[in-house]
Structure formats: structure tokens, C-alpha cells
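Work out the full structure: start from the sequences and follow the hints.
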Amino acid sequence: MNLRSTAFFLGRLVMLVAVAELAPLVCSLCYREWADARAFGVSAMLAAILGAALILCGRRTEAYRREGILIVAGSWILASILGAIPYLLTATISSPVDALFESASGFTTTGASVMANIEAAGRGILFWRCFTQWLGGMGIVVLFVALLPELGPGARFLYKMEVPGPSAEALQPRIHDTAKILWKIYLALTATQTILLSLAGMDLYDALTHTFSTLSTGGFSPRNASVAAFDSPLIEIIIVVFMFLAGANFSLYFRVWDQRGWNLLKDAEFRIYLGIALAASTIVSWDLMRHRAYEGFVEASRHGIFQVVSLSTTTGFASTDFDTWPVLSRIILVVLMFIGGCAGSTAGSMKVMRMVIGIKSAIREVRLIFSPNTVLSIFVGGRRVPDTVVRSVSGFFILYISIWALGALALSIGGPDLITTATASAATIGNIGPGLRAVGPTANFAFFGSFDKLLMVVLMWIGRLEVYAIAALFMRSFWRP
Amino acid sequence: MVSKSAKGPHNFVVMGAGEVGFHLARKLSKQGHDITVIDTDPAKLERIDDELDVLTVEGNGAHPPVLMSAKVGTADLLIAVSSSDEANLAAARIAKHMGVSRTIVRVGEAQEVIADRRLFEDLFGVDLLLSTQLLTTTRILNTIRGLSTVAVEYLAGGKVQLRKIHLDSDSPLTQKPLRELVMPNNTLVVAFFHGEELIIPSGNDRAEAGDDALILGTTDAIGQAEKMISHGREVIGPVVIAGGGGTGKTVAQMLERVGVKIKIIERDRPRAKQLAAEFPNLEVIHGDATDLQLLKSERVDAAQTFAALTGEDEDNLMACLLAQELEVPQVLALVQRAETSKLWSRLNLHDVFSPRAVAAERIQDYIDSDFSANIVSLQRGAAQVLERRLAEASPAAGVTLAEMDAPRGLIVGAVVRGSKVFVPRGRDRLEVNDLVILFVREEELGTVRLLFPGQEKN
Numbered sequence: 001m002n003l004r005s006t007a008f009f010l011g012r013l014v015m016l017v018a019v020a021e022l023a024p025l026v027c028s029l030c031y032r033e034w035a036d037a038r039a040f041g042v043s044a045m046l047a048a049i050l051g052a053a054l055i056l057c058g059r060r061t062e063a064y065r066r067e068g069i070l071i072v073a074g075s076w077i078l079a080s081i082l083g084a085i086p087y088l089l090t091a092t093i094s095s096p097v098d099a100l101f102e103s104a105s106g107f108t109t110t111g112a113s114v115m116a117n118i119e120a121a122g123r124g125i126l127f128w129r130c131f132t133q134w135l136g137g138m139g140i141v142v143l144f145v146a147l148l149p150e151l152g153p154g155a156r157f158l159y160k161m162e163v164p165g166p167s168a169e170a171l172q173p174r175i176h177d178t179a180k181i182l183w184k185i186y187l188a189l190t191a192t193q194t195i196l197l198s199l200a201g202m203d204l205y206d207a208l209t210h211t212f213s214t215l216s217t218g219g220f221s222p223r224n225a226s227v228a229a230f231d232s233p234l235i236e237i238i239i240v241v242f243m244f245l246a247g248a249n250f251s252l253y254f255r256v257w258d259q260r261g262w263n264l265l266k267d268a269e270f271r272i273y274l275g276i277a278l279a280a281s282t283i284v285s286w287d288l289m290r291h292r293a294y295e296g297f298v299e300a301s302r303h304g305i306f307q308v309v310s311l312s313t314t315t316g317f318a319s320t321d322f323d324t325w326p327v328l329s330r331i332i333l334v335v336l337m338f339i340g341g342c343a344g345s346t347a348g349s350m351k352v353m354r355m356v357i358g359i360k361s362a363i364r365e366v367r368l369i370f371s372p373n374t375v376l377s378i379f380v381g382g383r384r385v386p387d388t389v390v391r392s393v394s395g396f397f398i399l400y401i402s403i404w405a406l407g408a409l410a411l412s413i414g415g416p417d418l419i420t421t422a423t424a425s426a427a428t429i430g431n432i433g434p435g436l437r438a439v440g441p442t443a444n445f446a447f448f449g450s451f452d453k454l455l456m457v458v459l460m461w462i463g464r465l466e467v468y469a470i471a472a473l474f475m476r477s478f479w480r481p
Numbered sequence: 001m002v003s004k005s006a007k008g009p010h011n012f013v014v015m016g017a018g019e020v021g022f023h024l025a026r027k028l029s030k031q032g033h034d035i036t037v038i039d040t041d042p043a044k045l046e047r048i049d050d051e052l053d054v055l056t057v058e059g060n061g062a063h064p065p066v067l068m069s070a071k072v073g074t075a076d077l078l079i080a081v082s083s084s085d086e087a088n089l090a091a092a093r094i095a096k097h098m099g100v101s102r103t104i105v106r107v108g109e110a111q112e113v114i115a116d117r118r119l120f121e122d123l124f125g126v127d128l129l130l131s132t133q134l135l136t137t138t139r140i141l142n143t144i145r146g147l148s149t150v151a152v153e154y155l156a157g158g159k160v161q162l163r164k165i166h167l168d169s170d171s172p173l174t175q176k177p178l179r180e181l182v183m184p185n186n187t188l189v190v191a192f193f194h195g196e197e198l199i200i201p202s203g204n205d206r207a208e209a210g211d212d213a214l215i216l217g218t219t220d221a222i223g224q225a226e227k228m229i230s231h232g233r234e235v236i237g238p239v240v241i242a243g244g245g246g247t248g249k250t251v252a253q254m255l256e257r258v259g260v261k262i263k264i265i266e267r268d269r270p271r272a273k274q275l276a277a278e279f280p281n282l283e284v285i286h287g288d289a290t291d292l293q294l295l296k297s298e299r300v301d302a303a304q305t306f307a308a309l310t311g312e313d314e315d316n317l318m319a320c321l322l323a324q325e326l327e328v329p330q331v332l333a334l335v336q337r338a339e340t341s342k343l344w345s346r347l348n349l350h351d352v353f354s355p356r357a358v359a360a361e362r363i364q365d366y367i368d369s370d371f372s373a374n375i376v377s378l379q380r381g382a383a384q385v386l387e388r389r390l391a392e393a394s395p396a397a398g399v400t401l402a403e404m405d406a407p408r409g410l411i412v413g414a415v416v417r418g419s420k421v422f423v424p425r426g427r428d429r430l431e432v433n434d435l436v437i438l439f440v441r442e443e444e445l446g447t448v449r450l451l452f453p454g455q456e457k458n
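From first to last, the protein sequence lines are chains D and X.
Letter by letter, the first sequence follows residues 1 to 481 of the numbering used here.
Letter by letter, the second sequence follows residues 1 to 458 of the numbering used here.
Don't read these hints as lab results, they were simulated from the structure.
Note that CB positions come from ideal geometry on N, CA and C, so glycine has one too.
It cannot be assumed that every hint is accurate.
Heads up, incomplete: computed chain X residues facing chain D, CB under 8 Å, no partners named [to be verified]:
id: 1; residue: D34
id: 2; residue: I35
id: 3; residue: T36
id: 4; residue: P42
id: 5; residue: E51
id: 6; residue: L52
id: 7; residue: D53
id: 8; residue: V54
id: 9; residue: L55
The structure is reproduced here in C-alpha cells:
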């Protein structure tokens with residue numbers, strides 16, 4: 001293990017966080033929150049000092065796999081810790097564990113909160129809350145790779161470790177160029193949604209913060225009532241569309257732009273993703289109608305569609321209190337929480353692509369029982385899935401489900417009830433945000449004990465980095481080759 | 001044709017992730033070029049994906065959809081170095097059709113490059129055809145003969161050669177003006193390269209040490225001219241070659257032509273028999289070159305040169321160590337695995353040749369020289385070599401060279417008439433149907449069109 005090369009890379013990444021903290025500083029200044037602005041200044045300074053120290057300790061050498069894993073995992077851990085400092089310094093949150101929870105929930109685009117009265121906090125800190133989601137959405141390491149062309153071959157592995165999905169797709173020969181394209185797409189979507197939300201009646205602050213947490217599929221809102229605060233169907237439509245776009249593979253947008261005559265529906269994963277969303281929306285709307293949960297068809301389908309997209313993309317915005325919904329609808333939402341968005345998106349959870357590969361691989365096993373000598377390859381969208389990918393998907397399933405179950409088990413030691421603990425574990429490992437019952441859309445995570453909160457922070461990291469990078473840190477042989 | 005700066009980042013597609021492909025991809029990517037590698041073997045691509053910052057595409061490069069997904073149409077260069085000659089050629093043809101600017105194709109056999117280069121170039125849209133075997137053999141030969149030839153180009157199906165030779169202060173070309181020098185029959189000094197400058201010399205000109213000279217001659221005669229100019233070893237002692245495979249055979253064959261005494265040690269009995277039948281003047285020994293007793297009894301210690309050219313690195317290493325033990329003055333080895341070249345250099349051998357590294361070097365040269373395939377157009381296309389069939393309507397038909405009075409920038413280098421090849425002098429007459437090899441400066445291309453009307457060929 002070459003700790004010095006790891007320190008060098010992490011130092012530069014911490015510098016990036018320091019620069020990022022200047023954005024809420026400017027926001028605080030705009031709203032004349034002088035004390036908060038100073039808190040951001042101090043936080044940025046602290047991050048810069050730590051970054052400089054790491055760079056000085058480190059040495060620039062080739063980073064291999066172990067170093068790459070440590071760099072990616074370390075980036076998220078350090079970013080979450082440094083991101084917590086502004087919450088403490090502005091006295092928004094008093095306990096360090098709570099601050100870390102809020103910060104990790106931001107960077108990992110989870111959107112679970114320990115803040116009971118959000119609107120009581122300063123404008124700057126609420127901007128920071130959404131901004132961390134935006135940075136974490138496309139990925140801080142991918143941003144790092146996009147900004148620094150000289151990282152070399154090691155950057156490719158870093159990129160693969162962070163970009164979600166069973167096999168990260170490269171769009172350009174150089175990974176630096178691929179990362180740049182992804183960030184450009186992200187920026188373009190951000191600009192478009194901000195403009196549309198402004199036109200729909202939001203002020204610039206609300207438009208920007210909601211855009212940040214929509215495109216990152218994070219779900220933080222500077223309002224206590226989340227999106228329901230605006231009670232505007234138009235705003236909800238815009239947010240639904242952009243949540244859905246953020247939950248799809250970003251490289252598809254590049255292909256649409258790059259290849260003439262190509263459209264999103266030609267991608268197998270996108271078709272299934274769309275199909276799941278349509279089917280789930282229909283059933284939930286029908287179920288809500290059946291139980292007369294809302295006045296009329298329009299109202300039922302408005303909330304049905306919004307919540308289905310919000311939870312299947314792992315955003316976690318609430319347009320209504322879905323915890324009061326009938327059981328079928330709630331079950332569907334829980335299932336969607338486990339599926340998640342597409343590979344290569346900003347969404348969390350297990351991903352549609354893995355589901356498809358996993359189910360096809362399971363079907364293959366069934367067929368092999370009665371015709372053991374058949375040679376079967378797995379195809380998705382006409383392309384063969386290499387066996388290494390199938391293997392890694394199976395491993396992922398087992399790890400993901402076991403860790404979720406263990407998480408639920410640990411939380412239930414002091415937890416209120418089965419549904420709360422099970423959905424709290426699923427909502428944090430899937431980077432979704434709200435669960436059901438005591439962690440439902442109108443509630444928050446404040447009542448958990450410090451140990452539970454730290455556990456959920458780890459679950460959020462595991463979910464964002466898709467298990468392997470964080471799981472490797474717990475292996476003895478990782479540290480002692 | 002679009003010409004970008006040689007230093008600017010280019011977009012290259014490398015077909016074949018073998019030793020040459022991998023080596024090139026790594027080198028070119030480090031230089032800042034954008035690389036896409038195509039191969040059929042996912043395991044090889046995985047290794048590339050792990051170690052290099054390049055895009056990989058799985059599939060056969062001879063299939064249009066694969067080339068399409070590698071975006072070859074917008075690439076600056078396709079480098080087809082897979083192990084299949086046919087696939088490489090097909091890929092070049094398809095890629096050209098899709099719009100790639102240039103193609104490099106590697107073929108295995110030396111003979112294909114010597115005899116059919118122009119055919120391949122025209123038929124398959126190949127800009128640079130190279131054979132690893134030919135490049136390696138040429139290097140080995142030059143080392144054994146002590147020549148300072150930098151590059152060789154084969155013309156008229158291998159009957160005529162153009163050689164670029166490095167001149168040191170011992171070379172007669174740097175000591176006397178050209179007029180006072182008697183060149184062997186059927187050879188000609190075409191040009192000097194002085195730094196970036198290309199000079200077509202008159203009788204009074206003299207080259208400077210450090211220049212390169214360009215010599216044209218028939219394949220039979222050019223060796224003598226080369227020896228004279230580069231002060232190569234006059235007499236070459238006996239040479240022992242271990243391994244009678246492609247490289248060993250070609251080296252032996254070419255050395256035999258200049259009258260060197262050669263022994264080949266070949267382990268495979270049928271192959272040894274075949275060699276003996278094919279080349280009656282060679283002494284073919286059936287045996288193991290890593291057997292000290294055999295080497296002793298074959299008097300390898302009396303040889304001037306020992307060349308270990310088998311296909312196995314381990315055998316070559318062992319044989320070389322034994323030859324060193326027997327105090328052979330010059331010991332050479334062929335090394336397949338390019339990355340072990342450094343280890344070999346510790347052995348104090350005379351020279352080590354890695355076919356892969358040699359091929360990669362040639363391709364690198366091609367890229368560095370702004371994509372100039374032949375050695376004369378190295379000077380950014382300042383001059384070209386053309387082959388023309390003399391048509392009846394040509395004003396040059398039936399005229400002697402003296403009468404033709406061609407400008408200085410146009411040299412009639414060689415004439416192929418039926419099976420006869422010669423370098424013409426002033427009183428020689430050109431006839432209809434002669435194949436003439438022309439060396440032309442850029443500014444005289446118009447004159448060529450006038451005197452030798454015909455299809456424009458490079």
C-alpha cells in the first residue's frame with residue numbers, strides 16, 4: 001500500500017472541497033448572513049490547510065488498485081467530514097455526529113435529514129446542503145478527473161470505482177475527456193432546469209437549490225414540506241421530468257447528441273427503466289383511486305407519478321405524505337427503492353441494469369438444472385454480458401441485501417418498529433432519503449442514537465460507492481497484501 | 001489530404017492488442033494521443049483497460065460494425081497490427097472507405113512487402129505496409145555486416161532498392177567530390193540529407209560527416225555500393241545461426257548472397273531437411289543450439305558471429321550464453337518479449353533485436369515524420385519516388401538520357417526491361433514498355449507528367 005501517493009491525491013481532492021465551500025460563502029454574503037459567511041470562510045480554510053498538509057506529506061507516484069480504492073473511499077469519507085464543519089460552525093446542528101450524518105446524506109445524495117425545522121437555518125447553509133448533493137451526484141472523483149487531465153491511467157480506475165453500474169462506459173479514448181463530457185451534460189441539465197423552475201414561478205434561490213437536489217437525485221429541499229410547499233402541478237411536472245432524466249444513464253445523452261438518428265428508446269436499460277416507472281405509476285394511481293385517497297383521478301395520478309419517480313430514482317422528494325397511502329402502493333414504493341435508477345446515472349440503489357442481469361442469470365441457472373450441458377450467454381439489448389460482469393453482479397446482490405439486512409437488524413436494537421428500521425436501512429443504503437413510519441416523508445432521522453446514525457453514515461457511503469470500494473476497507477488482506 | 005502537425009494530439013485506432021499493439025498504445029497514449037484499441041480477446045482488452053487510459057472495443061477489426069464503434073471514420077490513423085494479415089488488410093480497406101486518413105498494416109512475411117507492396121497499397125488503401133520480419137532481418141544483416149544503413153525501400157517488386165545510409169567521416173562520400181568517385185555498376189547516389197535539407201548533388205558536391213546518403217541500385221549491385229560508402233567490414237567471417245525459422249532463413253539467404261560462410265543449427269528435422277534442399281550452399285545442422293557439446297563439435301568458437309534467432313526467448317538466451325562462453329566475438333539475439341529487452345542488455349551481447357520493438361519504432365517514426373511512408377519523402381514530401389510504365393505516346397520513349405536533358409530535380413534511377421534491370425547512363429535509350437523508377441523533387445512533378453504521362457502513383 002502506497003500511502004504517500006494516496007495522500008497526494010486525497011490532498012488535491014480536499015482542496016477541491018475547500019474551493020466548493022466558497023459557493024455557499026458567496027450565497028451567505030448575498031443574504032447578509034455575516035456570521036454564516038465567516039463560518040464558511042473558516043471551514044474552507046480548514047479544508048485548505050488539511051489539503052495542503054496531505055499534499056506535502058504525499059508524493060506523486062503511480063496509483064495501483066489498492067491505492068485507487070483507498071483514494072475513492074477516502075475522498076467520500078473526507079468530503080463528508082469536511083462538509084460537516086459548516087453545520088457545526090454556523091450552529092445549525094450542535095452534535096458532531098448529527099452534522100456528519102447531514103453532510104454524508106448530502107454528498108451521497110441520500111437526502112435523509114436530522115433537521116426538524118429546516119426553514120429555521122440560514123440561506124447559506126441550506127444552499128450548502130443542496131450543493132453537496134449536486135457535487136456528489138455526478139461524483140466528486142469524476143469532477144476531479146474532469147478537472148485534472150494529468151492523472152493518467154490511474155484515473156480510469158478511479159472513474160470506474162465511482163461511476164455506478166456493473167460496467168462503467170467510456171465515451172472517449174481518454175477518461176479525462178469522458179468525465180468532462182459527463183460534467184458538461186450535467187451542467188447543461190442544471191441550467192435548463194433552473195431556468196424552467198424560475199419560469200414556473202420559483203425564485204432563483206429555490207430554483208437553483210431544487211435543481212441541485214433533483215439532478216443529483218438527492219432530495220434535500222430548503223423547505224420543511226419539500227416540494228409540497230409550492231403546491232404547483234407545473235413545478236412538480238418539471239421536477240418529475242428532470243428526476244427521471246437524472247435517473248437514466250448520462251452517456252445516453254451523449255449518444256443522442258453524438259450519433260445521428262439514435263434515441264433513448266434504443267437502449268435496453270432505458271426501456272426497462274421507463275417501463276417500470278410507467279407500470280408502477282399506473283398501479284399506484286389506480287390503488288390510490290380505489291381507496292379514494294385523493295379527490296379524483298388527476299390528483300391521484302399527480303401524486304402517484306411524482307412519488308413513483310421520486311423513489312425509483314432514489315431522489316426522495318415528497319409532494320404528499322405517502323406514509324398514509326394504502327398498503328399496495330407502499331409496497332410498490334419499497335420495491336422501487338431497491339431497484340433504483342440506471343447504471344451511469346446519479347441515482348442510487350441496485351440499478352435496473354443489475355436487476356436485468358441478475359434475473360437473466362438466475363433464469364439461466366434454472367435452465368441449467370434440466371439441461372446442464374447447454375452453453376448459455378446472457379444478452380442485454382443484443383449485447384453479450386461478459387461472465388466477469390455477471391459474477392460481479394451476483395456478488396453485488398448478495399452483499400447489498402446482506403448489508404441491508406444487517407443494517408436493519410442493528411437499527412432495530414433501539415428502533416421503534418420493523419417497518420421503520422427496515423426502510424431506514426433501505427433508504428440510507430439506497431441513497432433515497434425518506435422511508436416509512438417514523439422515517440417517513442414528514443418525519444426525520446433525529447431520534448436515532450449516535451451509534452445508529454454513524455451506522456447509517458457508513459450505509460450511505462456503501463450505497464454511493466456500490467459496496468465494493470467501502471467493503472474492501474474492511475478486509476484485512478486489503479491493508480496487508 | 002489533411003496534414004496536422006506531428007506533435008499535435010491525434011486520434012489513433014490500434015487493431016490488435018498483442019505485443020506490438022499494446023506497446024504502441026501505451027507509448028502513443030503517453031505522448032498525448034487519443035487511442036482506441038480493438039481486439040477479439042476480452043482478456044487482452046481487460047489488461048489494457050487496467051493499465052492504460054485508452055478506449056477498448058471488443059471484436060474483429062475486419063468487421064465494419066466493430067470499426068464503426070471504434071469511430072475509425074474520424075480517426076487520423078488506423079494501425080492494423082493484429083496477428084492475421086488478412087484481417088489487417090481488410091480492416092485497412094474498410095477503414096479507408098469509412099474515411100480514416102491513413103492506415104498502417106503489418107504483415108508477417110517479408111516477401112509480401114518486398115514483392116507486392118504497391119499492389120497492397122493500391123488495392124487495400126495501405127499507406128504504410130510493414131513486415132516485422134523484414135524490418136528485423138534488415139537490422140540483423142546490417143549489424144552483422146557492419147553497415148550503417150538506416151532504412152531500405154524495395155521498388156519494382158524488389159528488383160531495385162533504395163537505401164538510406166548514415167555517413168561518418170571515414171566514408172569516401174565525405175572525402176571526395178562525387179565526380180572523383182567510381183560507384184559500382186548499376187548503382188547511383190541519388191541525394192544527400194543534410195539535416196532537414198534534401199540535396200540532389202552535382203559532380204562537384206561532397207557530403208559532410210553526419211549526413212545521410214540515398215543510394216539507388218539493383219538488388220544485386222547495391223550491396224557493393226553500400227559496403228563502399230559505409231565502410232562496412234570487407235570480409236565477413238563465418239556466421240552461425242541458431243534457428244532456421246522465418247527470420248533465420250531470410251538472414252542466411254541474404255548473407256549467402258554476399259558470399260558469407262554460414263551454418264544454420266535447426267532442431268526440427270523436417271525443417272532442417274527442407275532448408276538444406278532449398279539452399280544447397282548453406283551448411284544445415286540438425287541439432288539443439290543449447291547443447292554445448294554440439295556447439296563445440298561444430299566449431300562455433302571459430303565463428304565471427306553467432307546469431308540466436310529461434311522463436312523461443314529461453315533458447316536464444318541459453319544459446320547466447322554458451323556462445324559467449326566459447327568467446328565468439330559477435331553474439332546477437334532475437335527477443336520476442338519486448339519488455340525483457342532491458343534484462344538482455346545486462347548480458348553484454350553485441351545486440352538484441354526485438355521484432356515488436358522494431359515494428360513499434362518504425363510506426364513511431366512514421367507518425368513523427370508527419371506520416372511520410374517512404375524514406376525519400378521524409379523531408380515533408382520534398383521529393384518522391386515514382387514508378388512509371390513508358391507509354392508509346394511518351395516523349396521520353398526512344399530517347400537517350402543525354403538527349404532528354406532532364407532537369408536536375410528529376411533523376412531516372414533505374415529501368416526494368418523484361419527480366420533485365422539496370423541503372424541507365426547518358427547513352428542508354430528508354431524504350432516503350434520500360435518500367436522506369438524516377439526520383440523527383442516536388443517542383444519537377446510537372447515535368448514528369450509531361451515526359452512520362454501515366455497514372456499518378458506514389
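Results of checking the hints against the structure:
1. D34: 4 Å, holds
2. I35: 5 Å, holds
3. T36: 5 Å, holds
4. P42: Hint on P42/X: holds, closest Cβ of chain D at ~6 Å, below 8 Å.
5. E51: 6 Å, holds
6. L52: 5 Å, holds
7. D53: 5 Å, holds
8. V54: Interface hint status for V54/X: holds (5 Å vs cutoff 8 Å).
9. L55: 4 Å, holds
Consistency with the previously given hints is maintained throughout, with no hint failing.
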